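Novice: Residue numbers (this note's numbering), protein chains in the order written: chain A, 1 to 412; chain B, 1 to 412.
Calculated from the structure, these hints are not laboratory results.
If you're wondering where the values come from, they're calculated on a predicted model, not measured in any experiment.
Treat the hints with care, as some may be off.
It does not matter which identical chain is meant; a pair holds if it fits inside one copy or across any two.
[Stated by the list, open to error] Derived pair list, reagent style BS3-like, types lysine-lysine, alpha-carbon separation capped at 27 Å:
{"id": "1", "residue 1": "Lys211", "residue 2": "Lys245"}
{"id": "2", "residue 1": "Lys32", "residue 2": "Lys97"}
{"id": "3", "residue 1": "Lys269", "residue 2": "Lys250"}
{"id": "4", "residue 1": "Lys337", "residue 2": "Lys63"}
{"id": "5", "residue 1": "Lys143", "residue 2": "Lys32"}
{"id": "6", "residue 1": "Lys33", "residue 2": "Lys141"}
{"id": "7", "residue 1": "Lys97", "residue 2": "Lys352"}
{"id": "8", "residue 1": "Lys56", "residue 2": "Lys337"}
{"id": "9", "residue 1": "Lys365", "residue 2": "Lys97"}
{"id": "10", "residue 1": "Lys352", "residue 2": "Lys56"}
{"id": "11", "residue 1": "Lys63", "residue 2": "Lys352"}
{"id": "12", "residue 1": "Lys272", "residue 2": "Lys366"}
{"id": "13", "residue 1": "Lys365", "residue 2": "Lys211"}
{"id": "14", "residue 1": "Lys97", "residue 2": "Lys337"}
Number of protein chains: 2
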Amino acid sequence: MPRGFKVIQGSVTAPLGFRAGAIGCGIKNPEKKRLDLAVIASDVPAVTAASFTTNKIKAAPVKVSQRHMRTNGIRAIIVNSGNANACTGSGGIADAKLMARSTGAGLGLKGEQVLVCSTGIIGVPMPMARITPMIPKLVTKLKSSGGDKVAEAILTSDTCEKKIAIEFSPGTTPIRIGAVCKGAGMICPSMATMLCFITTDARIDRAELNKATQAAVDRSFNRISVDGDMSTNDTVIVMANGEAKNRTIKSGTPAAAVFREALEFVMLKMAKAIVRDGERVTKFVDVQVRGARTYLDARKVAEAVANSLLVKSSWHGEDPNWGRVIHAVGYARATIKEELVDIYFGGLAAAKNGVAAETPLPRLKKVVEKNEFTLTIDLNIGTADHNVYTSDISPEYVDFNRSEYSALNVIP
Amino acid sequence: MPRGFKVIQGSVTAPLGFRAGAIGCGIKNPEKKRLDLAVIASDVPAVTAASFTTNKIKAAPVKVSQRHMRTNGIRAIIVNSGNANACTGSGGIADAKLMARSTGAGLGLKGEQVLVCSTGIIGVPMPMARITPMIPKLVTKLKSSGGDKVAEAILTSDTCEKKIAIEFSPGTTPIRIGAVCKGAGMICPSMATMLCFITTDARIDRAELNKATQAAVDRSFNRISVDGDMSTNDTVIVMANGEAKNRTIKSGTPAAAVFREALEFVMLKMAKAIVRDGERVTKFVDVQVRGARTYLDARKVAEAVANSLLVKSSWHGEDPNWGRVIHAVGYARATIKEELVDIYFGGLAAAKNGVAAETPLPRLKKVVEKNEFTLTIDLNIGTADHNVYTSDISPEYVDFNRSEYSALNVIP
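Next up, chain A with everything else stripped away, as it sits in the complex (with noise of 0.2 Å):
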C-alpha cells in the first residue's frame, strides 16, 4: 500500500455523502432470500466517469447507461443481479429505463440522474413484475452504512465480497475512495461481467477523472480481461461528489498524481480479487512478459500463455510445464527468436535461449504449489513488457459451468 493511505471501513459509503442500500425481490430465486437489486446515491450531483464493455452486443443497461453519461448530475446508480438484460430488444431497453425512472422517481431526481447496471443471464426479459414495486421501498431505506449490502447484492457466481475504501490527503484535506466490484464467473477469456462501483469524496475536475478512470482500468481491469475484450454488461462507473471540501484536483498537479495513484491502486485491489475469486480457481498468476519488441508484442505473448487452456491446467496441476508456456509463446503472432526465449517461475529460471535450463524440477514444481506466483518470459529482442493478472482452469470450473439455463429453470 502506499505510503499515507490507510484503509478505512464502508467501501462505497466511506466516502461523505453516499449512502446505499440494497433488498432481495426475487431474481436470482422466488423466495427473495437472496440481495439482488441495490441503489447508491450521492447527496448531491457527482462528476461522474464510467467505462463500458468493448463488445459489440451490449446489454440493455450498458445503453441507456451511455446515454445517460451525456447529460451532468448523475446521482445514483441502481444494479440487479441474476438477469443481465442482455439481447433483450426494445423491451430490454424499456426495461433499463423504467429502473432509472423508478430509482429517480422515489429519490427526486430525473431518470437521466440514475445509472443502470445488471449482471446475470443472457437472452431472459426481465422479471419486472418483481423489481418495479420493490424500487420505492429500497430507496427510502439507503443508509451511509448500506455500501456493504451493495457488495453482497452484486454478487453471481462468486464466493465472495469484494470490497474496499481507503482515505488518503492529496494535499491538506483527507479524501475518501470506496469500491465494490463482481466478477468471478470466468476471466479468460473475459467472458465475466464484471461491475465495479467507485465513489470519492473529492473534489475533482471532469477532464481529470475521466484521465484518471482510464488510465487506473488500463492496468487493472483491463489486465484481467486478457482478451481486451468484455463481457455484454462490463461496467466501472466513478462517481465523485466533491463532498470532502478539497481544493478541487485538476490535471497535472501532485495532487492530480496522488489522486491517480489511489484510483490505480483500489482498481488494481479489486480486479486482483476478481481474478482470486474466479469459478473454482485454486491458483493466482501474474504473467509478466519482457523484452518484446514492441508493447502489442508483449501484450499478445501474456495474453496468449494466459489464456491457454493447457498451460492453465498444467498450473492446477502444479506441473512447471514451461514446454506448454513456450508453445503459446509461438503461437501468439508476435515476433520472437526461439533461440532468445528465457522462462521464469517466481524467479527461477526453467528455460534459457529456448531450451531447458539447469534448474531442478523439483525446485520449480515448489514455486508453482504456491496459490500465488508470477511466471516471467523475456523474449530478449526489445525493451516493451506487459503482464496479466490470471489463474488455472479446474475441472470444478467446467462442471459448474455446464448448465446455467437447466440451473435456472428457464428450461421448463
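For this one, chain A is given, so just place chain B on it according to the hints.
Specialist: The following block gives chain B in isolation, referenced to the frame of chain A:
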C-alpha cells in the same frame, strides 16, 4: 462418400509400392510395450507435398524435414511418439538428422530422402540411446501390410487409431489414397500436435500435388485448428509414388478435380476423427457462420464461438445456451448488428434478430443432447461464410491435462 469412391483396407500401405512398420523402443514407457517408432517407405522416389506448423517455435524434426523437402526423391518418413524433440536446441537438430540418416542407411537412401516427425513432450532431449539401435531392426521389418501399425505407433493421448484408405478412378486406371493421423490432445486452441501421413500410388504432377494438398488442408485440418495457429510439431505429408501407372494427373484436368475431391475427402475424415477423439470429448459440433460481411469476419466469429470455454462447457452440460453464443459473437471483433443475429441449434431457431426465438427450450435441448449437432450463426449482413469443427470441453479434460511432466516421471 463421393460416388465412385470405395473404402479399402490397409491405410498408408493400401496404395501400391508402400511398405511400413513400427516397433516399441521405450520412448513412451521403459517396458517397450507400446509401439512408438514407425517408418513408412515408398519403393520408388515419391512426389511429396507437405504442410508444416505455423507456430514460430518449430520442433527440430520440422526444421529438418523442411530442409529435406527442398530435395526431390523423398522415399520415407520416420516418426516417433512420446517426445516432440521441440525446444531441444542444436542437440535436437542433430538427433532429428541422425534419425533420418539411420533410416536412410537401413533403406539404402540418403538422409535427405527421409522426412522426420515427432510428437510428445516438449523441452526434454530425445532418448536417442533407445531409438538409434532400434532403427536398423525396424527398417528390415517393413511390410506392405504394415500401415495399421503406424496408425497405432503415432498415438499419444489419442484413444483410438485414425486411418482410412480409398480407391477411385480419376481416369481409366484405379488409384488409391491411404492415410493415418494422430491428434487428440487439445483441439482448441489448437495446441495438440497433429500428424497426418498420406500415401497415394497416383502419378501426379508436383505442382498439382502441392495445390491439391494446400486446398485440402485449408478445408480440413485448418478448420479444426480453430485459431489458425498450430503446435510446434504439426505436419501433414502427402507422398505420391506413381505406382498405379495412371496417366499423370495435371492441373486443370477433370482427373485433377477428382483427385482433389478424394484428397479432401480423406483429410476431412481424418480431421473430424481428430476432433471426435479430443481428450475426453463427448460432443462433435459443426459451428457454421453465414451472412458475414467478409470471409475473415465469418472466420473470426466461428473461431470465437468454437473457442469459448463457456460455450463449450454449456454443450457439455447439454444446455442450449444461445446467450453465451451471442456473447462470443459480440467479442469476435467482426462487423455485426445485434438486431440482425440469428442463432440455430440443428436448424431450430434459438434466437432471431438478437433476441430469444419462439422455439421452446426443451426442443433446443434435444438437439444439444445429441452426440453431433450443427450450430448455425447467421449474421444477416453479407454473404460470406465459414465453418469450424469443434467439440465440447469436459471436467475430465482439465483433470487429464494437469500433470504431464509429473506423469512422465520427468520430475524425479
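Novice: Each hint: holds or not?
Specialist: Hint check:
no. : hint            : in the structure
1   : Lys211 x Lys245 : within (21 Å within a copy, 74 Å between copies)
2   : Lys32 x Lys97   : within (23 Å within a copy, 70 Å between copies)
3   : Lys269 x Lys250 : within (25 Å within a copy, 65 Å between copies)
4   : Lys337 x Lys63  : between (45 Å within a copy, 14 Å between copies)
5   : Lys143 x Lys32  : within (21 Å within a copy, 73 Å between copies)
6   : Lys33 x Lys141  : within (17 Å within a copy, 73 Å between copies)
7   : Lys97 x Lys352  : between (57 Å within a copy, 23 Å between copies)
8   : Lys56 x Lys337  : between (35 Å within a copy, 8 Å between copies)
9   : Lys365 x Lys97  : neither (53 Å within a copy, 33 Å between copies)
10  : Lys352 x Lys56  : between (41 Å within a copy, 17 Å between copies)
11  : Lys63 x Lys352  : between (49 Å within a copy, 20 Å between copies)
12  : Lys272 x Lys366 : within (23 Å within a copy, 40 Å between copies)
13  : Lys365 x Lys211 : neither (42 Å within a copy, 47 Å between copies)
14  : Lys97 x Lys337  : between (54 Å within a copy, 22 Å between copies)
In the structure shown, a violation is registered for the earlier hints numbered 9 and 13, in ascending order.
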